[in-house]
Structure formats: structure tokens, C-alpha cells
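S.K.: Listed here are the chains, written in short residue letters.
Protein chains: 2
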Amino acid sequence: MQSILPRAVRELSNELTRLPGIGPKSARRLAIHLLRQPRQVVGRLGDAMKNLHANVQVCSWCYNLADDELCVVCKDEMREKSRICIVESPLDVEAIERSGSYNGLYHVLGGVLSPVEGITEDQLTMSELVQRMQKGIVTEVIVALNPTLEGEATARHISQLLGQREIEITRLGRGLPTGGDIEFADAITLSAAFEGRKEMS
Amino acid sequence: MQSILPRAVRELSNELTRLPGIGPKSARRLAIHLLRQPRQVVGRLGDAMKNLHANVQVCSWCYNLADDELCVVCKDEMREKSRICIVESPLDVEAIERSGSYNGLYHVLGGVLSPVEGITEDQLTMSELVQRMQKGIVTEVIVALNPTLEGEATARHISQLLGQREIEITRLGRGLPTGGDIEFADAITLSAAFEGRKEMS
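Heads up: the sequence lines are chains A and B, in that order. So in the working numbering, spot 123 of the first sequence is number 123, and the numbers just go up one at a time. So in the working numbering, spot 15 of the second sequence is number 15, and the numbers just go up one at a time.
In short, the hints are calculated from the structure, not lab data. Treat the hints loosely; a few may be bogus.
Copies of one chain are not kept apart here, so a pair can be met inside one copy or by any two copies together.
[Unchecked claim] Listed next, the in silico DSSO-like pairs over lysine-lysine satisfying Cα-Cα at most 27 Å (straight line):
1. Lys25 x Lys75
2. Lys50 x Lys25
3. Lys75 x Lys135
4. Lys81 x Lys198
5. Lys198 x Lys135
6. Lys135 x Lys81
Source: prediction; values computed, not measured.
Build the full structure now, drawing on both the sequences and the hints.
M.R.: And the structure:
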């Protein structure tokens, strides 16, 4: 039995099912909900989506999301340029910045190594990280990957990759619960994790 | 602490928090998720939202959603025009049509009476319903409102409103849902199931 909803509602519902966690029924409900909102509100949401890719860049230095060529962290003259914190995603940068517990630069990997999902070194900004190290300014690398199996393995890989250099490599203290998510950690937990960071052997 | 995410991501996140059940953190995740999708996919979603209001009409006959002046049900010459099923929303029409158990017309109320939420008769298509009755074609009205307190009260109100006319007013049968569990059924559902018991043939 084909849906009897208007074409525009069906089209929107179909597109909405591409969002994570939204099935056909939720999508229809969401479409009807949007139909009940003022036209301008839904128009603004539509515009924000259409403008997203055009207006977001990747920082050419740390691979964080940016408005321009450099992200707000790399642009900031006050940051300590001798420290780099390696994170998985821009949302992790956002969470750490919110905690106010770190004043160095970042390096956004864009993911973690995952044989299961077929994510290899080439799909991450791993060689770009090594290149950054070659400038010789960095004295400490803080590995702030999620405390999952893949995150741990990636941390070890980074440690091996940078191990020959005269760099102190630390990782965040295990104030973070195993299986947890940096993005959703509260500021105190994050501060504790920064304070309790340990040298990788 | 202000967000360090790019402006386009923050703008989209803000708009996304208007959706039901999406808080600031989910909105940011959703925005980043969309940023990882191909530009055309997100563009199509944006277009579908922008086109929504312009391309959806309300059926001038039954107040269901429609592509044109009349919805697909009212356009259909094969439907029994002597029966009207009163529902709360277009999604209820969709569900009943999917079940294939009804061949009459509909009347979409647009909600139910709710003193708590300040929804009165004027905000529903109640007077339009009475007007439809005056044409004298309708012989049966099936009240198919949700079995909630507000739905029940609205059903009683409709029954009083149309009671003087020569119209059979029925409501959907109540009882155990198929696949349901007696153990977990509430008392009111069980009472309804006992009252509505049928002889086994």
C-alpha cells in the first residue's frame, strides 16, 4: 500500500530517514511536525543545511573545522605551540575547549584505526601529524582518543610512530570511564583527565 | 565558554534544536554527521525542507494534507461518500489507509479539545464538520480519535454536536491490540475487552 501523504511530505520523510536513528515512522512524524511550524523557521533550517558544506573549511594546520583557512585555536597567538593534543573529531576539540583545561594546539585525526570498519592510516591525518612533528617545535604530544579498543590501538600506533623523536608522549588520565565518550564527558572529568595524563612507555 | 565550531555548524545546530527531542549536544552531533555526508545529500534534505510548505495544501473538503485542492481520498470516485471517519491528524488517515479496513471519506480535526493546552473548538475543524453534515449525504460517522482523556472528551463532544441528526455515530472497537499481552494490559483496556467480547463462530 503506497503512502497517501502529499509528495512533498513523502520526499522530506525519505530524506530524513538518512539521519542517524530516524526510521520511516519517525521521519513522517518529523515531516508533519515541520509542516506545523512557521514557514520561515523551516526555511531557515533548510538554508542552514544547504549552506553547511559551502561555509565550513578544514583547518590547514590541525584539521579541525574552521570558518577560514585556520581554525580559531590555530589562529590564537596565545596558545602554547609546543604542545599538541591529538583527538578523533572536532566535537572532541569543542568539549576540551569547553572544559578550559588545555592551552596548546590540536591535531584532529578524523577517526581512529579500525580493521572492522576498514579505516586505515591513509584515511586519517596520521602522515600530516608526522609532518607537523618534523618542524621541531613540539615537545609534548597528548593523545586524547576515546578510551575504546580502537582508540587504545590507535594511541599505541601513534606512540610507536613518534617514539623515536625527542617528544614526550602522554595520554589522558583514566578519569574517563572505559567505553565512554570524550564528547559527553563533563568539564571536571576532563580536567582530571588532563591533570592525570601519563607518559607512554 | 563560546563554541569554537564554525559559524555554519553552530547555525545549523541552533536550528536543529527546534526539532522535537533534539537538545544542543544531539544537534551538534547531527550537524557534524551531516557535514560528513555528501554535499548533494544534505542539499536535497535542505531543499525538501524549503519546498515543504509551498507544495503541501490542505484538502478543502476533509482537511487532510493534499498535493492539490482535494486529497487523494476525496478525489477517489470509488470511495463511499455516505461514511465519514473523524481522525485527529493526517498520520491517522495514513495508518487507516495502510490497514485497508475502511473505504469511506475522512474528516481531519487537526487535534483534540484540550483545556490544559488551551485547544478549543475554534482551533479544530469542528464547525466545518457540522457544515459537511448539512449536505445530508452522510449516514454514518465513525469517531476514530486516540483513546486518551482528551480524545474521549472530544468524541463525546462530537456525539452531542451531531446527535440531533439522523446519523449513526460509532467509535472504533476497544480491546486488546493484536500481538498484545494480557499480563501487561491496563485495567481499562481489559474492561473494554470484556465488554466488547464476541461469540466465537
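S.K.: Find the hints from earlier in the document that the structure breaks and name them by number, from lowest to highest.
M.R.: Checked against the structure, no hint fails, so every one of them is satisfied.
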